[in-house]
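Read left to right, the sequence shown gives residues -28 to -1, 1 to 56 (mature numbering (1 follows the signal peptide of the UniProt record, and there is no 0)).
Hints in this document: simulated from the structure, not taken from any laboratory. On a predicted model such as this, the values are computed, not experimentally measured, just so you know. By construction, the Cβ of each residue, glycine as well, lies at the ideal position given by its N, Cα and C atoms. Errors might be hidden in some of the hints.
Unchecked claim - Using C-beta positions, here's what the derived DEER-type ranges look like:
id : residue 1 : residue 2 : range
1  : G54       : A(-1)     : 34 to 42 Å
2  : T37       : A3        : 22 to 30 Å
3  : M(-2)     : G54       : 34 to 42 Å
4  : R47       : A14       : 15 to 23 Å
5  : A1        : F44       : 25 to 33 Å
6  : D26       : A(-1)     : 36 to 44 Å
7  : S51       : R29       : 27 to 35 Å
8  : V36       : D15       : 20 to 28 Å
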Amino acid sequence: MSKKAIRYVTRSTAAAAGGIAAVATSMAAAALAASIILSPAADASVRMVGVHADLARAVQLNQVTEEQAARFEARIAGSIIGEA
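Just need the whole structure built from these sequences, with the hints factored in.
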């Protein structure tokens, strides 16, 4: 086989492998998105526990003050409980 033919086969194979990897990645991302969308929504109390934990972490990291966190948590609670 000539060098030109070998180079063509090598490049074609590499391009095909790259295309397959891109399709597999896209399919995995689509499956993850579908599982998130189709999963049942957490109830209000579970969501508020998560909000509280996130805000407590933000206070520990000095990203917000305790007062800011408390006010924001109250606003979020009104929104979340209002949905239920």
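We went through each hint and held it up to the structure:
no., hint, result
1, G54 - A(-1): 34 to 42 Å, "holds, 36 Å"
2, T37 - A3: 22 to 30 Å, "violated, 41 Å"
3, M(-2) - G54: 34 to 42 Å, "holds, 38 Å"
4, R47 - A14: 15 to 23 Å, "holds, 19 Å"
5, A1 - F44: 25 to 33 Å, "holds, 31 Å"
6, D26 - A(-1): 36 to 44 Å, "violated, 27 Å"
7, S51 - R29: 27 to 35 Å, "violated, 20 Å"
8, V36 - D15: 20 to 28 Å, "holds, 26 Å"
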